[in-house]
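Put chain V on the given structure of chain Y with help from the hints.
Going down the list, the protein sequences come from chains Y and V.
The first sequence: position 233 = 233 (this note's numbering), numbered continuously.
The second sequence: position 174 = 174 (this note's numbering), numbered continuously.
The set of hints was computed from the structure by calculation and includes no laboratory data.
Check before you lean on any hint, since a few could be wrong.
Okay, derived cross-link-like pairs now, EDC-like style, lysine to aspartate or glutamate, Cα gap no bigger than 16 Å in a straight line [what the hints assert, rightly or not]: (1) V:47 to Y:125; (2) Y:100 to V:281; (3) Y:100 to V:276; (4) Y:207 to Y:189.
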Amino acid sequence: MADVVIRAEGLSKRYSLGQRERYRLLRDVISEAAARPLARLRNSRSGLNGDGSAHRQSHEWIWALDDVSFEIKQGEISGIIGRNGAGKSTLLKILSRITKPTKGYIELEGRVGSLLEVGTGFHPELSGRENIYLNAAILGMRKLEVARKFDEIVSFAEIEKFIDTPVKRYSSGMYVRLAFAVAAHLETEILVVDEVLAVGDAQFQKKCLSKLRQVGTEGRTILFVSHNMAAVRGICETGFELSEGRIVSSGEINDVIDRYLSQVITRKFMEVETPSFVINDVSINPLGAEVIKTFESVEIKVVLTAKKDVGDPGMYVGILTSDNARIAGIDFKDFAHVPPIRAGERFELGFLIDELPLLGGTYQLEIHVKDLSHHKIERVGNLFQFEVVETSVYGGRKLDAWFGSVGLKATAIQKLPSVSPNLDEVSTTLR
Amino acid sequence: MDSISSQTQASLPLLRIEPSNRWPSIDFRELWEYRELLYFLTWRDIKIRYKQTVLGAAWAIIQPVFMMIVFSLFFGKLAKVPSDGIPYPVFAFCALLPWQLFASAVSDSSNSLVGNQGLITKVYFPRLVIPVSAVLSGLLDFFVAFVVLVGLIFWYGIIPGWGIIAVPAFILLAMGTALAVGLWLSALSVQYRDVRYVIGFLVQFWLFVTPVAYPSSIIPEQWRAVYALNPMVGVVEGFRWALLGKSSALGSMVWVSVGVVLITLFGGLYYFRRMEQQFADIV
Chain Y
1 MADVVIRAEG LSKRYSLGQR ERYRLLRDVI SEAAARPLAR LRNSRSGLNG DGSAHRQSHE
61 WIWALDDVSF EIKQGEISGI IGRNGAGKST LLKILSRITK PTKGYIELEG RVGSLLEVGT
121 GFHPELSGRE NIYLNAAILG MRKLEVARKF DEIVSFAEIE KFIDTPVKRY SSGMYVRLAF
181 AVAAHLETEI LVVDEVLAVG DAQFQKKCLS KLRQVGTEGR TILFVSHNMA AVRGICETGF
241 ELSEGRIVSS GEINDVIDRY LSQVITRKFM EVETPSFVIN DVSINPLGAE VIKTFESVEI
301 KVVLTAKKDV GDPGMYVGIL TSDNARIAGI DFKDFAHVPP IRAGERFELG FLIDELPLLG
361 GTYQLEIHVK DLSHHKIERV GNLFQFEVVE TSVYGGRKLD AWFGSVGLKA TAIQKLPSVS
421 PNLDEVSTTL R
Chain V
1 MDSISSQTQA SLPLLRIEPS NRWPSIDFRE LWEYRELLYF LTWRDIKIRY KQTVLGAAWA
61 IIQPVFMMIV FSLFFGKLAK VPSDGIPYPV FAFCALLPWQ LFASAVSDSS NSLVGNQGLI
121 TKVYFPRLVI PVSAVLSGLL DFFVAFVVLV GLIFWYGIIP GWGIIAVPAF ILLAMGTALA
181 VGLWLSALSV QYRDVRYVIG FLVQFWLFVT PVAYPSSIIP EQWRAVYALN PMVGVVEGFR
241 WALLGKSSAL GSMVWVSVGV VLITLFGGLY YFRRMEQQFA DIV
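Same shape as in the complex, but just chain Y:
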């Protein structure tokens, strides 16, 4: 049964810059047409670039997908990851036939259901019941099919009491639950799912994930896009990473994700400056591993150049959560003294941290550089993001945000009730 059901060959999609998501007024067309001969005139007079810079400007292309080929087998649950703008959405749009490729093709065997958004076509004035039928029809479900599954959908969404209320009166949570419930009952052989799990409360998200996982066990093929790495790991078996419209890695999902995350850390660094220093580089690297995992040792390194003579250099590094809550801070002066540095000299300060206790998630480094001889503390304007990979810290499962940011070195203890003699008597008399 390991047939290929999705096959993409040389798939490319080109957008003209500015064309994407933008409509034009007739006025623009007319003014462009009027400007063209003028521009040509100007170019021919300057005589430098014959092809005309104005001409080239109006034909600037961007390849959102560039020669992408892949195969997905029946029953495979595949994840697509990548940074924003890597081409994931474009690929999904082509897969769901919303837009056409510029080159190449995709062959799909079986009906395709796509879920690029929850609640597409929901109308606020209509009741929950009416919206179920409408939304289902939009997603390509038959009326009979919906009628058969109606109760199941309603109970999955947990909105039994409000089924005949217009959805504009729903809370946002109810709305999302209903929308996902309809989509989750789509019975196509291939299911294409975009970031739909970013909505709803944690508990409902969990329910959605397990629903998707269950769908996967039914032998249906799923393509799943998400920024939530824990979700991708939890659902998918295989996957690939897109970057600038190309597939840069593919294979077993954990490998693909680990590689992706390690890249996120070592991505291009832009120099920043404070009044007294230039920060040439900031890095946080795991020791002897590719990615940062909970309780692994890491090395934080900051490369600096002094802009003027600094009598008593110092540095503070803070670790913040992605919403800027401070988790820890560490100051160099509590460890060692740094000799004076002259203007233009380059040096490096850093810390070796044993067993970084952070759980999986995105964190930020905050850096202050100091000249203690002048009592100057200069905060570096940028925060530096890094990623800790979800691991099974306490044993079996991988921990999510529910367990907070910090891992604990813990041992379980238990005192079980000892068998009381009285109870023993009771049981014997009963016998």
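Chain V in isolation, oriented as in the chain Y frame:
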């Protein structure tokens, strides 16, 4: 690649997504498969049309009735516009109904693609479903007002002849005209939002070149063929002929109208199908 399509086991449909085709065809089988969506979108438009209004569907009657009163007063009584020997109120009302069906269908279908951007950019289905459902959803209003027309006809003691069985054909012609215009304008409006402003003007202008307030018998004989290039001439005169039994110069004018509608409709279908492939990219 051919080997794949030949070895399809079971009955799983094989779908190939390729770059746009310059000469698109109309896939009627696919349209038929999406008939339920057409039904639900039409039903949605009807359902929400009079939500949160006090008078509800009464609006379907109020609008043409008031138009009729104004027309009867100004054109019939004061300007003494001839009405082919038919009492002016029923003469005007009989034309106002197909006219309103047409006018609302044109503006609804022309705005339908932009109004349904959310659907177009997120889900696939034959885009034709959208303007078609916009045209269909005007039918309910028409039938509600039609009841009033029937009452009015009996009030004036007019007995419709056999021609009455042709009414559905003229309704179809009115909707065909509206769809033809709607296809062109909706596809254009995806790229050029100017269309939105054109529609209001177009519909107003069109009312004057359609024999709603006056009979087409006031048009000089030699100009009638040109006049009938406006398909609504055939529709309106056809309605009068079918229901009131009298009409000026029907005959050949209807056939001209039908011809014009067919040409614009097929042209519109082709243009729509061709633009359809880019809707999601530029809307």
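**OP:** Of all the hints given earlier, name the ones this structure violates by number, lowest first.
**Re:** Violated hint: only 4; rest satisfied.
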